[in-house]
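2 protein chains.
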Amino acid sequence: MGGYENGDSPAGGVILGVDGGTTSTVCVCLPAAMPPPESPGAVPVLSRAVAGCSNRNSVGENAALETLEQVMMQALTMAGKDHSDVIAVCLSVSGVNHPSDQQRMLDWIRKLFPVHAQFYVENDAVAALASGTMGKLHGCVLIAGTGSIAYGVTEDGKVARAAGAGPVLGDWGSGYGIAAQALTAVIKAHDGRGPQTNLTREILRKLEIASPDELIGWTYADSSWARIAALVPVVVSSAEDGDEVANKILHDAVQELAGSVVAVVRRLTLCGEEGADQFPLVLVGGVLEGNKKWNISGEVIKCISEVFPGVHPIRPEVEPAIGAALLAWSHHHKELKLENGS
Amino acid sequence: MGGYENGDSPAGGVILGVDGGTTSTVCVCLPAAMPPPESPGAVPVLSRAVAGCSNRNSVGENAALETLEQVMMQALTMAGKDHSDVIAVCLSVSGVNHPSDQQRMLDWIRKLFPVHAQFYVENDAVAALASGTMGKLHGCVLIAGTGSIAYGVTEDGKVARAAGAGPVLGDWGSGYGIAAQALTAVIKAHDGRGPQTNLTREILRKLEIASPDELIGWTYADSSWARIAALVPVVVSSAEDGDEVANKILHDAVQELAGSVVAVVRRLTLCGEEGADQFPLVLVGGVLEGNKKWNISGEVIKCISEVFPGVHPIRPEVEPAIGAALLAWSHHHKELKLENGS
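Residue numbers (our numbering), protein chains in the order written: chain A, 1 to 342; chain B, 1 to 342.
It is possible that some hints are incorrect.
A pair counts as met if it fits within one copy or between any two copies, since identical chains are not told apart.
[As the list claims (entries may be wrong)] Dumping the calculated DMTMM-like pairs for lysine to aspartate or glutamate here, alpha-carbon to alpha-carbon at most 25 Å:
hint: 1; residue 1: LYS158; residue 2: GLU214
hint: 2; residue 1: LYS292; residue 2: ASP107
hint: 3; residue 1: LYS158; residue 2: ASP277
hint: 4; residue 1: LYS158; residue 2: ASP213
hint: 5; residue 1: LYS334; residue 2: GLU319
hint: 6; residue 1: LYS158; residue 2: GLU339
hint: 7; residue 1: LYS206; residue 2: ASP82
hint: 8; residue 1: LYS136; residue 2: GLU273
hint: 9; residue 1: LYS292; residue 2: GLU240
hint: 10; residue 1: LYS248; residue 2: GLU274
hint: 11; residue 1: LYS136; residue 2: GLU335
Everything labelled a hint here was simulated from the structure, so no lab data went into it.
Isolated chain A, as found in the complex (with noise of 0.2 Å):
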């Protein structure tokens, strides 16, 4: 890794984070030299550019490569730098799930940029994480959107994962799971199999459609997970309001998003042996957002609290794509220090 002088980066270096997501692809431009962020604020960011989906389960290998390069070139030319300058990059996409996935975007990368640049591909649970410690690796995330995951790591570097498997396998805790049982509801309310629920005036007028009947030929119409889990403040509305099947959804979601959250912690033992030790939760996404009267990301941290008393729960304060950059910034760092006997 030799090249630099003082055991530091060379002053004008840059280093990339990218979020590759399936709606839209970020990604953010750091000062190599700068300091250990402190907090959120202050977080120097040169430049930030923004591209469409590059998950290749979604748009396929090639389309995802080429708006993944799109993005980071956009951003360095905004920088004012180009492809010289980059020292590490951290790409955290959604979609890369198999360790073969991971090392064909490795050998992808290394080709854009100059040969002593660090690379580093991440799945994009990894860079949510990453957002709430502020780039150090250590703990869990829970991301709720449209689907559902919980992803954690320790500081040796074992992971584990629980959920994120899609609407087949499960996710009843995610927007799409908890829209479908709102919908199913509905639907059990009409035929006679379950009770009355104002989900069905709530629903019916939210999608202005005016029989129950027509709810079947509006849900396969279009095959789009996030169609079905823009349904979820009503849901989270109709609880507010009392709505008894509203609350039960409500409940068994957050069960779902605790319970996931447990099995990740106790396979790492992130808690301490003793069960007992603090350790970081981020919490993001639609879901998860707080600042309702009915408090899905509360009741899934008392949940978890009273099997894990040391949960330290973490909104964050930047976005995935900062959390990126500053996962490669610390990556890089520790390695100018490993080098420099420091």
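Start from chain A and add chain B according to the hints.
Structure of chain B alone, referenced to chain A:
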């Protein structure tokens, strides 16, 4: 309806029964002048033709109508008849759910046959019911194959259905529902959210994959519901071998299926005001085939009989297309009797 002498059908006249499904479409041709069928073996089938999918939601309206026309003309040719011999037709087609679907099909079929012929357009559940009641429209049918639905009709023509809303909307008693729960149980055992189960070994062996991690890719590689439902026999054999998780999945499915029948019977008062009258329950579909040690249909009937002791289970001995033809036959003969004042 004039033109027939002796209050009987013309000697060469025929009746067509069509069972239109998502996998295949079957048309049978019966002589209109046949006597009332006393037993399944006594139905004098003149011809039987088979074609592909006629579910308009799957292949589009034009392709569906083309398939239906083709299969009817083929059955007529095979019976040595032509369109002018047709006296009555019953089309019982999946994907026909709304009165507007029915009306459009009636308008279409009227142009294919003589003006004096009679036409009936129904959902495919109706033919399944008629296949068990030998053409009499009264009682309830429970279909559980890839999907599931309970459908009932009263003697005075009131109808009700429950379930049948597909995998997103809670058809957990269907083959798809049972198999999706089993796949979920494998994922949960693997990531620490659920108990260990033999389903893991059995499903991985059946799918020829090495690890539960690969199940996610397998599941979303193809959106066919039937491909998931094909795992039901693995769940049944695991339950028969004593696996608790598999047993719970089947018991839950039994509750769902029984619940859908109970909802229909209750709404239609099929069991009389006191709840004790006899009513026929026709059982159709792969999930309800009763020659296994773990007897799903037997358990469903037991559950229903606890609420409605008058349930009279029937396993059809003829196929749904014959059910559709018998329906057209009995409608036609009722009309004849009315006209002749008998």
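Okay, the hints, checked on the actual structure:
| no. | hint | in the structure |
| --- | --- | --- |
| 1 | LYS158 x GLU214 | between (48 Å within a copy, 20 Å between copies) |
| 2 | LYS292 x ASP107 | neither (45 Å within a copy, 53 Å between copies) |
| 3 | LYS158 x ASP277 | within (17 Å within a copy, 64 Å between copies) |
| 4 | LYS158 x ASP213 | between (49 Å within a copy, 17 Å between copies) |
| 5 | LYS334 x GLU319 | within (23 Å within a copy, 72 Å between copies) |
| 6 | LYS158 x GLU339 | within (24 Å within a copy, 82 Å between copies) |
| 7 | LYS206 x ASP82 | neither (48 Å within a copy, 52 Å between copies) |
| 8 | LYS136 x GLU273 | within (22 Å within a copy, 69 Å between copies) |
| 9 | LYS292 x GLU240 | within (9 Å within a copy, 47 Å between copies) |
| 10 | LYS248 x GLU274 | neither (33 Å within a copy, 33 Å between copies) |
| 11 | LYS136 x GLU335 | within (14 Å within a copy, 81 Å between copies) |
Consistency with the previously given hints fails for numbers 2, 7 and 10, ordered from lowest to highest.
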